[in-house]
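Q: What follows is each chain in one-letter form.
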Amino acid sequence: MESVPEVLSEQRSNLPAGPAAIQVEDLSTGYQDDPVLEHVQLSVAPGSLVGLIGPNGSGKSTLFKTMTGLQPPWQGRVLINGQPGRPGPEVAYVPQTETVDWSFPVTVGQVVMMGRYPRLGFLRWPRKPDHKIVDHALEMVGMGGFKSRQIGQLSGGQRQRVFLARALAQEPSILLLDEPVSGVDATTQHQIFELLDHLCKDGVTTIVASHDLSCVAQRFDQVLLLNRTVHGFGPPEDVLTQDLLNRTFQSHLLLLRLGNRTFVVEDPDHFHHD
Amino acid sequence: MIDWLMEPLGYTFLLRGFVAAIMIGVICAVVGTFVVLKGMAFIGDALAHIAFTGIVVAFLAGFSFYIGALIAAVLAALGIGAVSQRTGISTDTSIGIFFSGIFAAGIVLMSLGIQTYTIDLFSYLFGDILSVRRDDLISIMILGGIVLGIILIFYKELLFVSFDPVVAESAGLPARKLQMLLLILLSVTVVVSVQAVGVVLVVAMIVTPSATAYLLTDRFGVMMALGALFGAMSAVGGFYVSYYADVPSGGAIVLVATLLFAIVAIIGPKRRNFWKLATVSPEPSQHQHPA
Ligand SMILES: Nc1ncnc2c1ncn2[C@@H]1O[C@H](COP(=O)(O)OP(=O)(O)O)[C@@H](O)[C@H]1O
Ligand SMILES: [Mg+2]
Numbered sequence: 000m001e002s003v004p005e006v007l008s009e010q011r012s013n014l015p016a017g018p019a020a021i022q023v024e025d026l027s028t029g030y031q032d033d034p035v036l037e038h039v040q041l042s043v044a045p046g047s048l049v050g051l052i053g054p055n056g057s058g059k060s061t062l063f064k065t066m067t068g069l070q071p072p073w074q075g076r077v078l079i080n081g082q083p084g085r086p087g088p089e090v091a092y093v094p095q096t097e098t099v100d101w102s103f104p105v106t107v108g109q110v111v112m113m114g115r116y117p118r119l120g121f122l123r124w125p126r127k128p129d130h131k132i133v134d135h136a137l138e139m140v141g142m143g144g145f146k147s148r149q150i151g152q153l154s155g156g157q158r159q160r161v162f163l164a165r166a167l168a169q170e171p172s173i174l175l176l177d178e179p180v181s182g183v184d185a186t187t188q189h190q191i192f193e194l195l196d197h198l199c200k201d202g203v204t205t206i207v208a209s210h211d212l213s214c215v216a217q218r219f220d221q222v223l224l225l226n227r228t229v230h231g232f233g234p235p236e237d238v239l240t241q242d243l244l245n246r247t248f249q250s251h252l253l254l255l256r257l258g259n260r261t262f263v264v265e266d267p268d269h270f271h272h273d
Numbered sequence: 000m001i002d003w004l005m006e007p008l009g010y011t012f013l014l015r016g017f018v019a020a021i022m023i024g025v026i027c028a029v030v031g032t033f034v035v036l037k038g039m040a041f042i043g044d045a046l047a048h049i050a051f052t053g054i055v056v057a058f059l060a061g062f063s064f065y066i067g068a069l070i071a072a073v074l075a076a077l078g079i080g081a082v083s084q085r086t087g088i089s090t091d092t093s094i095g096i097f098f099s100g101i102f103a104a105g106i107v108l109m110s111l112g113i114q115t116y117t118i119d120l121f122s123y124l125f126g127d128i129l130s131v132r133r134d135d136l137i138s139i140m141i142l143g144g145i146v147l148g149i150i151l152i153f154y155k156e157l158l159f160v161s162f163d164p165v166v167a168e169s170a171g172l173p174a175r176k177l178q179m180l181l182l183i184l185l186s187v188t189v190v191v192s193v194q195a196v197g198v199v200l201v202v203a204m205i206v207t208p209s210a211t212a213y214l215l216t217d218r219f220g221v222m223m224a225l226g227a228l229f230g231a232m233s234a235v236g237g238f239y240v241s242y243y244a245d246v247p248s249g250g251a252i253v254l255v256a257t258l259l260f261a262i263v264a265i266i267g268p269k270r271r272n273f274w275k276l277a278t279v280s281p282e283p284s285q286h287q288h289p290a
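If you read the sequences in order, they're chains A and B.
Per numbering that gives the first Met the number 0, the first sequence runs over residues 0 to 273.
Per numbering that gives the first Met the number 0, the second sequence runs over residues 0 to 290.
If you are wondering where the hints come from, they were derived from the structure by calculation, not from laboratory data.
Idealized CB from N, CA, C, for every residue including glycine.
Where hints are given, some of them may not hold.
Unchecked claim - Which bits of chain B does chain A cover? Going by a derived footprint, with three or more residues having C-beta under 8 Å, they are:
id: 1; stretch: 149-160
id: 2; stretch: 167-179
id: 3; stretch: 213-220
Just chain A, same shape as in the assembly (with noise of 0.2 Å):
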């Protein structure tokens, strides 16, 4: 039970031929003098649509920072699309809270438009087809309407919206969603999911921690189980499993298999820390 899942280094026969769109050696990071991540060891395949989950404080986000260059490793390193990862819009990056100003005076279009800032370099306007891109990045997330609305106009799960279209706007390969979901109403939720689909089969590697289990069972091909390290990388069916999910939670889970449907609730008999 203590050795390694086997599903880590599990790789599936129809992975793409080329580099891992990430790829993650024995990385290790934290804050001050405190560890984080631990010998975190992860190759995800281009275009996959991966539910990352852990618990409060397991780590998600800061794996989320290494990934986009904001965090350095302390040890080991991470590859996007074989070089190694510095920031830069093809890793796109939606922070899962927000510490903008929402005052500040800037339109929902303005917004998104600076996704296409560090394409564009100093000193040259957005033109065009940045325009068109903006356009169709709301579209996808259902905000074409709102392009003239000041920032602050808007309702929290609008908001997220509008900053996942920035991401788009960033035309990413790879695009980390820190609990873009939380805060969202059951249609809208719908939608961005149908998004992400979409994306992923145009290849766009996508990663959205969660802690929402059910929706990871559902929606997701692979789940990535964190919690200071991996404890599971694969598809639903094989890492959803009771043992993986205590040993990641350090709690009581139940797992509910409905059909083919996976619901995963806490276990009424035991008490639940997060």
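Using the hints, position chain B with the ligands against chain A.
A: The following block gives chain B with the ligands in isolation, referenced to the frame of chain A:
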């Protein structure tokens, strides 16, 4: 009325002051747009006071006041930038202690030095736009032009980094360097404006016209342009008040700017918003996400 307006402009030295006032009003508001939105007013005030000590040292050592003020303010900006990026916590107290101490040293040095030097350092405390000399105007134009040029070059990037530094950095923009650049631009702006409005009121010249513009628009570029307009109007209005009422130009200019703000705040469309901005006051470094 026309005669009244044209009279001071007939004198070359006053015309110089008039042109300098407009230039300073514009630069202050353009830089002030970032200062207002990022809650950097306190840093601007600190830089102005530190610049004053640089001016005193320049006089005592016998070199150009611009060089003294620039060195002092830019060094202080780099120091403040390093401290606030490293800790990520509120650095107001350490900045406050640091700048007051340096300003105090400037005041003491001024009192000691003023017996042997006839030049009135008092005018750098409260501003004297009517005493702008030819080479002062040239310095204002060159330094102001550089500040405006750099903001034009990095306009998009400064906007992105000001709005959302974390995502801007993750998308590949040099966020920390741009934030440092903003501090340096602020320090140059302070130095350029000190002669016109004085150390004590420089921060008002930077913040008030932009804050007035903020009340009128939801768009960043419009805020900057309107701010520049209000800044120029305040500077010109203050210029005439200073000339006819024979009061320090800093007080006159800032009084006009404050009046403009009061008028817009009372009759303008989004009164409440400003107070929200004033109380939220976002921190410049935002590298922590609550888990
Ligand atoms: N900026 C930071 N400074 C110090 N500690 C941090 C910082 N960000 C996160 N942590 C700590 O690192 C651990 C992992 O956090 P995080 O990656 O945000 O986890 P998750 O996203 O899974 O909730 C937590 O214990 C958290 O308190
Ligand atoms: Mg998190």
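Q: Would you mind marking each hint as holding or not holding in the structure?
A: Each hint tested on the structure:
1. 149-160: holds (count 6)
2. 167-179: Since 6 is at least three, the answer is holds.
3. 213-220: holds (count 5)
Hint compliance for this structure: every hint is met.
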